[in-house]
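**Q** Using the sequences and the hints given, assemble the complete structure.
Residue numbers (the numbering used here), protein chains in the order written: chain V, 1 to 797; chain A, 798 to 958.
Treat each hint with caution, since some may be false.
[What the hints assert, rightly or not] The calculated lysine to aspartate or glutamate pairs, modelled on EDC-like cross-linking and capped at a C-alpha distance of 20 angstroms, are:
id : chain 1 : residue 1 : chain 2 : residue 2
1  : V       : LYS668    : A       : GLU924
2  : V       : LYS671    : A       : ASP944
3  : V       : LYS489    : V       : ASP546
4  : A       : LYS832    : V       : ASP186
5  : A       : LYS832    : V       : ASP43
6  : V       : LYS85     : V       : ASP43
7  : V       : LYS310    : V       : ASP186
8  : V       : LYS23     : A       : ASP893
9  : A       : LYS832    : V       : ASP115
[Stated by the list, open to error] Only part of the chain V face toward chain A is listed, based on derived beta-carbon distances under 7 angstroms:
id : residue
10 : LEU30
11 : GLY36
12 : GLY38
13 : VAL208
14 : GLY261
15 : ILE585
16 : LEU586
17 : ASP735
[To be verified] Computed footprint of chain A on chain V, listed as stretches where at least three residues anywhere in the stretch have a Cβ under 8 angstroms from a Cβ of chain A:
id : stretch
18 : 272-281
19 : 684-692
Calculated directly from the structure, the hints in this document are not laboratory data. For every residue, glycine included, the Cβ atom is placed at its ideal position computed from N, Cα and C.
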Amino acid sequence: MSSIRSNPEGLSVLDRPNSYIGKTVPRPNLDRLLQGRGCYVSDIELPRMAHVVFVRSPHAHAKIVSIDAAAARQMPGVNAIVTGKELAAVITPWVGVLSHLKGLKSAPQSAIAVDRVCWQGEAVAAVVATSRAAAEDAAECVAVEYQALEAVTDMRTALDPATPVIHASLGDNLAFERILDAGAVDQAFAGSDAVVEAEFVFGRHTGVTLEPRSVVADWNAAEARLTIYQGTQAPHMVQNIAALHLGLWEQQVRVVCKDVGGSFGIKVHIYADEMATYALTKLLRRPIKFVADRVESFNTDIHARDHRCKGKIGVNRDGIITAFEIDDLTGIGPYSMYPRTSAIEANQVVNLVGGPYTCKNYRARARVVFQNKNVMCQYRAVGHPIACSVTEGLVDLAAMKIGMDPVEIRRRNLIADDAYPCASPSGLRFEQLSHHASLAKIVEMMNYQALRAEQAELRKRGVHRGIGVASFIEVTNPSAAFYGVGGAKISSQDGVAVRLDAQGSVICQTSITEQGQGSESLTAQIVGSALGVSMDRVRVILGDTDATPYGGGTWASRGAGIGGEAALQATKILRRNILDVAAAILQSAPAELDIVDNAVVSAGDGAPRIDLSELARIVYFRPDTLPPGIQPELMATRHFVPREYPFAFTNGVQAASVEVDIDTGFVKLLKHWVVEDCGTIVNPQLVDEQIRGGVVQGLGAALFEKCVYDEKGQLTNANMADYLVPMSGEMPDIDVGHVVSPTRESELGAKGAGEAGAAGAAAAVTNAVNDALKPFGTTITEIPLTPQVILTALGRI
Amino acid sequence: MTAQVAISLTVNGERVEAHVLPRLNLADFLRDHLKLTGTHLGCEHGVCGACTVRVGGEIVRSCLMLAVQANGAAVETIEGLSDSGEIADLQAAFRDRNALQCGFCTPGMLMAAQDLLRANRMPARAEIRQHLSGNYCRCTGYQAIIDAVETTARARMELKA
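**A** Next up, the structure:
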């Protein structure tokens with residue numbers, strides 16, 4: 001690990017003896033999951049609980065003529081069958097727009113479709129029964145008559161005058177458009193030695209969380225309270241939205257989030273069927289459980305990254321990039337998703353293209369169109385893989401055009417490590433990035449020159465290996481600039497409360513959530529280090545709106561940077577309060593005392609003075625023995641939100657080594673490298689595993705994953721056998737290195753690391769495949785890189 | 798609707814008698830009837846491997862097997878393997894290597910890994926990757942899992958030596 005800037009604070013509270021910061025320690029409570037004794041939503045059962053199954057539209061676009069549920073109501077175990085119109089009595093519709101995305105429009109969406117369905121898989125009725133199987137049986141007997149309408153499926157023709165408008169009230173199928181023009185693009189292209197253009201095509205894909213989306217909603221009519229058990233990344237957001245649309249106060253809604261079987265952004269949204277489940281428990285006055293089956297997951301979990309992006313790059317013979325231009329088109333389904341909207345991804349693409357480079361001439365247009373397919377929205381590394389693939393693809397094309405090595409062209413164009421703070425042409429503000437240090441490090445890790453030599457040698461023998469490199473920037477630690485400024489009630493701050501219990505252990509309540517990243521671990525590491533107690537004495541409570549401070553949750557790589565800082569600041573207050581009490585008990589001064597290994601000690605020589613357990617006993621049970629006027633406060637709460645920078649940008653670089661079989665079109669991943677700079681690293685192992693997991697999701701997009709729709713809007717591979725995801729057999733080992741540039745926005749200095757892997761993996765692999773195919777004079781700018789795509793490019797099929 | 802069928806089997810060494818519908822799959826029987834929720838359902842069509850359990854010593858996908866087919870069989874789930882201590886070292890290796898994130902695939906993954914280690918005491922890395930290819934993990938990227946299984950294999954070999 002190399003550091004290009006030390007922590008500005010010098011020796012901080014985090015550098016104390018026995019600090020857990022920067023150390024690999026196992027996550028607390030993993031045994032629960034290892035023994036199959038976790039509690040996922042699908043494991044929850046409540047008294048009188050019924051199960052809901054949704055009747056879903058087989059049409060991409062159709063009018064609902066009639067729904068006949070008479071026969072289904074007579075089926076064994078059926079409690080109720082509820083249509084969209086009936087459910088509308090208890091829940092209001094919503095519109096997924098944000099005011100800071102100027103011009104973004106969408107139509108009102110209902111929990112269950114009323115009169116019309118707009119994608120294959122939209123719910124048209126809810127069947128509630130004593131078991132899921134009974135509900136499924138009855139759902140098959142609900143007779144729905146549809147009148148098929150023409151489906152808008154191809155994003156390229158969605159805006160044509162001849163194409164039907166999906167929502168007449170909106171006037172056209174354009175949801176959002178953004179145009180950016182910075183510098184002097186035309187002039188720059190005109191003066192360039194070479195200009196290269198390409199169209200980049202991305203496969204629509206989805207998150208495939210191993211645990212499908214699930215909800216248990218329990219309306220207690222006597223208490224007038226709704227409890228929602230849901231695997232969500234943002235409990236307070238769910239609380240706010242459920243209350244808003246059911247006509248409740250937020251305090252009437254409790255959201256409990258226990259173990260979550262994978263999220264990746266899929267579980268940060270509010271889905272219509274989840275809203276329907278909240279409404280059903282209120283309507284039917286009994287707990288209702290919804291567990292999506294895998295076919296439903298493919299048809300209704302948000303999809304992402306269905307983009308076609310035309311790109312253009314200007315370059316001079318010396319390798320200096322003169323201009324970037326993109327024209328991005330994306331189809332988001334029939335509605336902008338709620339409440340985060342479906343314009344963020346395209347907006348991010350505009351923001352991020354060209355981001356690592358010094359080039360100031362940049363023009364972009366992004367258009368977001370409606371279509372009759374499943375909804376699209378934010379999935380891990382929102383927009384990053386598109387922006388990175390377009391940028392890095394163009395940079396490689398430029399390098400190829402002028403005959404320059406891909407690493408060398410990056411060296412000549414990446415923003416210098418000492419040029420910060422600075423801003424991108426799209427207005428992104430960078431506090432401190434480390435592109436050059438990262439590139440130098442990855443070149444060393446992968447032994448670039450030796451790999452090139454090996455590649456040349458093997459090429460003589462007809463073995464086609466390729467090396468691909470992709471630099472990237474990553475949005476983390478989002479402030480209110482992401483959602484709050486646009487009117488969304490999504491907290492950008494997080495809060496942490498820490499208290500010393502009566503035996504001297506620490507109870508810590510945090511508003512960030514755990515989906516396996518290690519939120520619980522990093523919180524315990526920070527609290528333990530800052531206070532001076534061992535991690536096994538820190539209990540972390542998260543995922544319950546009744547029990548934790550108000551906050552955003554875990555998404556957009558904010559857990560460590562925002563929630564971690566709140567934990568640090570709360571713990572510092574608790575520490576001060578403890579030392580005040582200790583000083584009173586010991587007739588000493590707080591400055592002369594410290595806390596080490598669960599005991600108050602003399603600051604000077606470390607001699608033990610009083611155990612925290614003894615201090616707690618006195619405070620809680622014998623306060624009469626304390627000096628007069630002392631009122632100990634052994635609980636402290638602090639919140640944190642970044643204010644100076646809207647986002648803490650991080651950076652990194654990925655590299656891939658691949659071998660292409662030119663007879664079969666198969667790509668073998670030989671090795672993958674990542675160097676990433678996420679600032680202060682709380683737990684190196686957790687960071688590395690976040691990156692590896694992200695890389696493999698990116699590799700899935702690069703090689704396998706695609707939701708295949710036919711021209712009528714039917715999803716043709718909505719099952720795990722036909723929709724391919726990476727398996728262990730075909731994945732490479734991934735080497736991860738770090739450069740450390742802490743953010744000065746917080747004392748902790750941590751930035752996020754959750755998006756990095758997914759951000760650049762596909763770009764690195766695509767560049768590597770094109771490098772392998774160089775002798776054949778073809779380049780591919782489409783993912784997934786299936787054998788069919790590769791053999792087509794080679795002219796073999 | 799078809800009548801219920803009486804079945805008798807052992808689950809984690811305990812005798813179980815039940816009446817079940819013929820269509821009930823083993824996974825739903827374990828989860829809904831016996832409340833052994835460590836067996837997870839990821840796809841319900843035999844692809845993801847999250848529901849892997851042991852029946853008569855062989856690993857099977859419990860979503861693809863009917864409960865009535867387990868009549869007379871000895872079924873072992875993650876709860877049983879945990880309580881017997883059979884995979885305590887493997888679980889410790891997973892914990893130390895952070896070979897799980899969300900944990901949803903983990904019970905099935907441990908079942909499959911232990912199956913490999915029982916048949917092949919020192920599998921090569923590629924063999925581990927191959928054997929676990931029927932168990933999907935969306936969080937880890939697999940490397941940590943492969944490392945943990947490899948570490949366990951080595952430790953068991955050393956213990957034997």
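**Q** Within a Cα-Cα threshold of 20 angstroms, do LYS668 of chain V and GLU924 of chain A meet the stated pairing?
**A** 17 angstroms, holds
**Q** Tell me if ASP735 of chain V is really an interface residue toward chain A, meaning its C-beta lies closer than 7 angstroms to one of theirs.
**A** The hint is violated - ASP735 of chain V has no Cβ within 7 angstroms of chain A, the shortest such distance being about 10 angstroms.
**Q** For the hint on GLY36 of chain V, just tell me whether its beta-carbon gets within less than 7 angstroms of chain A.
**A** 2 angstroms, holds
**Q** Verify the interface restraint on LEU586 of chain V: the C-beta must sit less than 7 angstroms from at least one C-beta of chain A.
**A** This hint is violated: LEU586 of chain V lies away from chain A, its Cβ roughly 39 angstroms from the closest one there, beyond 7 angstroms.
**Q** Against the 20 angstroms threshold, does the CA-CA distance of LYS832 of chain A and ASP43 of chain V hold or violate the hint?
**A** Given pair LYS832 of chain A, ASP43 of chain V holds - Cα atoms ~8 angstroms apart, limit 20 angstroms.
**Q** Less than 7 angstroms between beta-carbons is the criterion; does ILE585 of chain V satisfy it with respect to chain A?
**A** 39 angstroms, violated
**Q** Is the coverage entry for the stretch 272-281 of chain V by chain A consistent with the three-residue Cβ rule at 8 angstroms?
**A** Since 0 is below three, the answer is violated.
**Q** For the restraint on LEU30 of chain V, tell me whether the closest CB of chain A is nearer than 7 angstroms.
**A** OK, holds: LEU30 of chain V within 7 angstroms of chain A, min 5 angstroms.
**Q** Is LYS832 of chain A within 20 angstroms of ASP186 of chain V, Cα to Cα?
**A** 67 angstroms, violated
**Q** Given the hint that LYS489 of chain V pairs with ASP546 of chain V, test it: the Cα-Cα distance must not exceed 20 angstroms.
**A** Roughly 18 angstroms between the alpha carbons, so the hint for LYS489 of chain V and ASP546 of chain V holds.
**Q** Taking only the CA atoms, is the gap from LYS832 of chain A to ASP115 of chain V under or equal to 20 angstroms?
**A** 41 angstroms, violated
**Q** Any CB of chain A closer than 7 angstroms to the CB of VAL208 of chain V?
**A** Holds, about 6 angstroms.
When each numbered hint is compared with the structure, violations occur for hints 4, 6, 9, 15, 16, 17, 18.
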